[in-house]
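The numbers in the sequence shown follow our numbering, run straight up by one, and end at 537.
I should point out that these hints are in silico values taken from the structure, not numbers from a laboratory.
Among the hints, erroneous ones may be present.
Claimed, not checked - PhoX-like cross-link-like pairs, simulated, lysine-lysine; straight-line CA separation at most 25 Å:
1) 324 with 465
2) 243 with 324
3) 489 with 385
4) 202 with 465
5) 322 with 269
6) 489 with 465
7) 202 with 324
8) 324 with 269
9) 243 with 202
10) 269 with 243
11) 465 with 322
To be verified - Label pairs and their computed distance ranges (CB to CB):
12) 357 with 207: 23 to 31 Å
13) 173 with 318: 34 to 42 Å
14) 241 with 501: 24 to 32 Å
15) 482 with 237: 15 to 23 Å
16) 173 with 243: 30 to 38 Å
17) 479 with 515: 14 to 22 Å
18) 236 with 318: 25 to 33 Å
19) 479 with 385: 18 to 26 Å
In this text, a Cβ means the ideal position worked out from N, Cα and C, and glycines have one as well.
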Amino acid sequence: MSWVKECAMVLKWRGVLKVANLSVSVVAGTLCFAPALAASQGATLTFRAGCSGGERIVVGVVGDLLFHNSLQRQALASGGSYKQFWQSLSPALEGADLTYGNLEGAVAQGVGIGGRARRDPGRKWDGRVYGTPRGSLLFNYHPSLIGDLKETGFDVVSTANNHAADRGALGFDRTIDALGSGGVAFSGTRRRDAAPGQRWAVKTKARGFTVAFIACTYSTNGMPDREKQALNCYSSRDEIFEEIRWNAQDPDVDAVILTPHWGVEKSSAPKQSDRAYARAAIAAGATAVVGTHPHVLQGWEKVATTDGREGLVIYSTGNFISNQVSDDQRTGIIGLIELTRMSSTKAEVSAVGFIPTWVTRGRHRVDEMKVGMRNGALRFSAPLRRLPTGNYVRAREYRNLVRSCPIAARDSSLGVLK
120 MSWVKECAMV LKWRGVLKVA NLSVSVVAGT LCFAPALAAS QGATLTFRAG CSGGERIVVG
180 VVGDLLFHNS LQRQALASGG SYKQFWQSLS PALEGADLTY GNLEGAVAQG VGIGGRARRD
240 PGRKWDGRVY GTPRGSLLFN YHPSLIGDLK ETGFDVVSTA NNHAADRGAL GFDRTIDALG
300 SGGVAFSGTR RRDAAPGQRW AVKTKARGFT VAFIACTYST NGMPDREKQA LNCYSSRDEI
360 FEEIRWNAQD PDVDAVILTP HWGVEKSSAP KQSDRAYARA AIAAGATAVV GTHPHVLQGW
420 EKVATTDGRE GLVIYSTGNF ISNQVSDDQR TGIIGLIELT RMSSTKAEVS AVGFIPTWVT
480 RGRHRVDEMK VGMRNGALRF SAPLRRLPTG NYVRAREYRN LVRSCPIAAR DSSLGVLK
């Protein structure tokens, strides 16, 4: 059956059913069939707005930007850079109208272990200010990273994750300073001197659209956050949902994207509680939910609401760059979320896609993963088979996203490359 058209109203019922390879999502009384999270090869997500007229933008989303010592040594060596790792993908990253990533670690100039100011060593790995002592996972990156992100297309990052407090309160502040100086927007953390009542969302603009990003984290790894500088997904849930509703009702905001750092590391499936959280966020007004933290890919889900919207949940985008070694941890994506303005001020998800990525060990280069053919069909790796593989696109075709409308409707207004 065509799950896109199989939605029905169900009163006062909430839950999840399993039917063959379908999961049934119910949000505020709407029953909608979507491909199960353990998606079979060939499953495809399409959206009603994909065939509507209107202005469109594409938001690119990647996973964890995690620079272990071996990557830091390469990036900070003479002639090195952080952007050297993903340079081959910069056309797709820059081509998206907005590009988001999870900045997993501090970017705090002159801040050592324990959050204390130290003499800055300059642009080099020293294992104390930039990098970590052997056996430690307390990350801090050189501020040149921010310029490299900006130059290769990144517009906005999450600073709320389990490594956000790795350099203490001073590290929070100096990371925010570095992002401000480098012109990269962020959400999820605050300076100690933030004004009372300061909003957590950051509003980003592209081609006449305003997209509000709201980032949160499950934890800061037990590192103290005495000033409450990081937004917690769970203890601050009410505040987060109020932030979603406030931005969704703002006439100047076209779309709201929640980016929670959650789940279980190395797990290929989301927690049931996080699935409920994501659906509730969509019902509250979020346009999409894009998760990070597991360091591996997890499934996607389409969620329909009683007010007629169709939201997207990407439970985990996996790693974009790291030194983690399993095939699962070296597989990532550039997720593509097309937004179409359906009324004078609001946008909906109209099409989605993903470009698979792969980190080469040793050199740590992030390149497009080539998908082979077998017996005339695309052959996807096990991590990619968790995704709706019918939405796979090549990097050079990043705007050629799958739609359910007739071929005759696929004109240049839909962003399809001829």
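Hints, one by one, checked against the model:
1. 324 with 465: Status holds; Cα separation ~14 Å.
2. 243 with 324: violated, 34 Å
3. 489 with 385: holds, 23 Å
4. 202 with 465: violated, 34 Å
5. 322 with 269: holds, 17 Å
6. 489 with 465: Not satisfied, since the Cα-Cα distance of roughly 36 Å exceeds 25 Å.
7. 202 with 324: holds, 24 Å
8. 324 with 269: holds, 15 Å
9. 243 with 202: Roughly 16 Å separates the two Cα atoms, so the pair holds.
10. 269 with 243: Since the Cα atoms of residue 269 and residue 243 sit roughly 20 Å apart, the hinted pair holds (cutoff 25 Å).
11. 465 with 322: holds, 14 Å
12. 357 with 207: 23 to 31 Å: About 43 Å separates the Cβ atoms of residue 357 and residue 207, which means 23 to 31 Å is violated.
13. 173 with 318: 34 to 42 Å: At roughly 27 Å between Cβ atoms, residue 318 and residue 173 fall outside 34 to 42 Å, so the hint is violated.
14. 241 with 501: 24 to 32 Å: violated, 43 Å
15. 482 with 237: 15 to 23 Å: Distance hint for residue 482, residue 237 is violated at roughly 31 Å.
16. 173 with 243: 30 to 38 Å: Check failed, 50 Å falls outside 30 to 38 Å.
17. 479 with 515: 14 to 22 Å: holds, 20 Å
18. 236 with 318: 25 to 33 Å: holds, 29 Å
19. 479 with 385: 18 to 26 Å: The hinted range 18 to 26 Å holds for residue 479 and residue 385, with Cβ atoms some 20 Å apart.
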